[in-house]
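Visitor: Sequence:
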Amino acid sequence: MKPLKEFTIPFVGLKVGKHHFDYEIDNKFFEYFEYDDFNSSNLKVDVELEKKTTLLELHFEVSGTVNINCDVTNEPYNQPLNNEFDLVVKFGEEYNDENIDILIIPHGEYEINIQQYVYELIVLAMPTKRVHPGVEDGTLDSDILKKLEELSPKEKDIKEDQEEIDPRWNTLKKLLTDK
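Quick note on our numbering: the sequence shown kicks off at 878 and runs consecutively.
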């Protein structure tokens, strides 16, 4: 996969201190990663790079909304996202990204590509169960919700099932209480 140019930061020409980078993320970014869970996305990523003499510190912040389908009703809705992540970039003999928040790059490198970190920051900010806010507060009017309500077992049916216990179980319960 060829890296996206706009996410490559040439740090060799930067002065020691803090530098800010802003990115607007839409679905074209996710098409690059072949990730199609989002109907649309409107995200802003702020990256603060602090260059020090021996290392780089990056602080990522993402905020915005993505339009996704509800897991219960399959209705699209806007899911707000907010997440942040810190990354330390050190210099070493060879490239090593085995540690989650420490990246080691060779001494001769002059730029860093952050597209994978931005992608993971956004995808990991998504909730595991995506539920439309209208489902939680009961304001969503959906055919799927009506069908689910129609097919769900009623409390009356559950109580009747519990009352109709096989008499053989009662005899077995007596064995436990006779001790």
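Read the hints as simulated data drawn from the structure, not as lab findings. Check the hints yourself; a few may be wrong.
What the hints assert, rightly or not - Distance ranges between label pairs, derived from CB positions: (1) Asn960 to Asn904: 17 to 27 Å; (2) His896 to Leu1028: 55 to 65 Å; (3) Lys1006 to Ser940: 39 to 49 Å; (4) Pro957 to Glu997: 10 to 20 Å; (5) Glu975 to Lys1031: 11 to 21 Å.
The C-beta atom is built at its ideal place from N, Cα and C for all residues, glycine as well.
Visitor: Next step is simple, just say for each hint if it's right about the structure.
Guide: Do the hints match the structure? See the list:
1. Asn960 to Asn904: 17 to 27 Å: The hinted range 17 to 27 Å holds for Asn960 and Asn904, with Cβ atoms some 18 Å apart.
2. His896 to Leu1028: 55 to 65 Å: With a Cβ separation near 57 Å, His896 and Leu1028 satisfy 55 to 65 Å, so the hint holds.
3. Lys1006 to Ser940: 39 to 49 Å: violated (21 Å)
4. Pro957 to Glu997: 10 to 20 Å: Roughly 19 Å apart at Cβ, these two residues keep to the hinted range, so it holds.
5. Glu975 to Lys1031: 11 to 21 Å: Violated - the Cβ-Cβ distance for Glu975 and Lys1031, about 54 Å, lies outside 11 to 21 Å.
Of the hints listed earlier, those the structure fails to meet are numbers 3 and 5, in rising order.
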